[in-house]
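Novice: Each chain, written out:
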Amino acid sequence: MFATSNPICISDEIADMFIAVTIALLITMALTLARALLGPTLFDRLLAVNSFGTKTVLLIAVHGFMTGRPDFLDIALVYSLINFIGTIAVLKFFEYDDLGSGAYQEDDF
Amino acid sequence: MSQLIGLYSYWIVIVLMMAGLYIMIARYNLVKKIIGLSLFQTSIFYLYITMSKIEGGTAPILVEDADYVYSNPLPHVLILTAIVVGVATSAVALALIVRIYESYGTIEEDELKAIEAAEPDA
Amino acid sequence: MLDWLVWGVSWILLLIGCVFVVTGAVGMIRMPDLYTRLHAASVTDTGGAIFISLALILQSVFVFGSAMAAIKVLLIMFFTLFTAPTASHALAKTALLCGQVPLGVDGKPILDSPEEATLLARSRSVDYKSGQDAVEILEETRRHKRERVQGQDDDGDDD
Amino acid sequence: MDTLIVLVLLTFLAITAIGIIVLRDLLGAVILLGLYSLTAAGAFVVMDAVDVAFTEAAVGAGISTILFLGALSFTKHEQKPRGHDSWVALIFVVVTGGLLIYGTLDMPHYGSPDSPSQTHPELAVRYVQESGSEVGPPNIVTSVLASYRGYDTLGETVVVFAAGVAVLSLLGLRRRRPEDEAPEDAPGDIPAADPQDNPRRNV
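Residue numbers (the numbering used here), protein chains in the order written: chain A, 1 to 109; chain B, 1 to 122; chain C, 1 to 159; chain D, 1 to 203.
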């Protein structure tokens, strides 16, 4: 039922390997999602989202190899950058209550 | 069982859609309503992309001298357009909300209605 | 022979990666406060990503024969290695600045109040300039605070 | 295996959506919306829609989050606490969802090769078979987007331009307004920041 859709014939041993990693990543994502929903503070949620993004990057990369077309790693690349930018933007928002301000150094330190 | 797996994606799409609709109806905060709108939009994207997938297919990027089954590219095109338009809609809505907050000092729907009722000229 | 070697090494690398990833996630669920969870998550983000990426590079070079894929995975690994620690650092610093007090070994907060956490987070540049230790800064401010409170009490007595 | 990944990711999406409903804190909801977009884009990759995943990652998870944060930095961060949820809304939503689920029972199953969307001769088969020789680029989505449905894309660009003009006319002129107008009825007057609004104090 859950047969790998496998356009390029990669051998079964290799597919097994990637399936194992995928399952591990899915379990990890479930736990991380639980932290994002439970997280008592916003920082816990943010940490969980950041970690979830890294797992998504890995999942996409592994999925590309699993289906035998590793052409779509660009998406994983974009993801890792977007994930970082998003986290930093939210943190900047927490810290200065604003996204655009650049004049905080004098009174903050 | 095959019925369950075959239709599960549609059911999840409906759950997402109803989650968005519920936020739009039952929450008074305007920003939260826009979040619900985004949820609703994404569920529609899902519905389309789900229908374009074909069993054993691969991404619709042609590979020379190989005999692949490709998923249907047309829903992808429609959704590409829809994503960008959706974000444009959200941007305009959020700008309106910022203006409302500056004029009335609140973004809760019922408080806005109370203010409107209090001063009929405005 | 080479095939089997690549296969075995990939399996080992992937398994190590999986162990890192899953332990990190379990740690994120079970750890008691934000900073320890951050610690657990960093293990996943860097350790797991390195090992899984290395295995993918091996696969893309030897099995798929695609140098481009190997370069892309390498880039992903480098970006992750740069961004994950940066994000963790920024998260920890902002959390301290916003008044999240870390818990000690005994499960009690190690600082008296969120204000002290904010102060510690902001004392960084003072630290650089005068070479003061964070603990010294903390004790100095506590002393100042105590004196100020006593001063106010004295004022109250005078009135 | 693909189907399994898609099902699990979809379940994650549903759980996240429920979390967004329950969460009262708007910043938390925005953060969860970012997670939702990331998951959605991951599932798009698994469902072979790589271009959509690319756009969703950049636009949905990136720009959208930043737009929401920007709006929140001008307004309040918390929903007002309310005693009860509206039962009418809940019942309405459940009934509508039930009807829609009843409607899905006739839909073609996930990934079935003989569904109408896969077998339509003009809209599915022709693009896949002919676009390589008719238009050129190996990416069929690019061919359809830029050539077969070029006017759609033009319309999209017009919509985005109009949205940009609208946002600028709503927000961009605001900075100048307090100087131009009389101070007593300046609508651009931002209410004094309440110290309770600062996220530093309520996270």
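In case anyone wonders, no lab produced these hints; they're calculated from the structure.
C-beta: ideal position from N, C-alpha, C; glycine also.
Hints should not be assumed to be uniformly reliable.
Covered stretches of chain C (in silico footprint by chain A; criterion: 3 or more residues with CB under 8 Å from a CB of chain A, positions within the stretch not fixed) [what the hints assert, rightly or not]:
{"hint": "1", "region": "7-18"}
{"hint": "2", "region": "27-39"}
{"hint": "3", "region": "67-73"}
{"hint": "4", "region": "102-116"}
{"hint": "5", "region": "142-149"}
Novice: For a quick check of understanding: which of the numbered hints are violated here, in increasing order?
Specialist: 4 and 5
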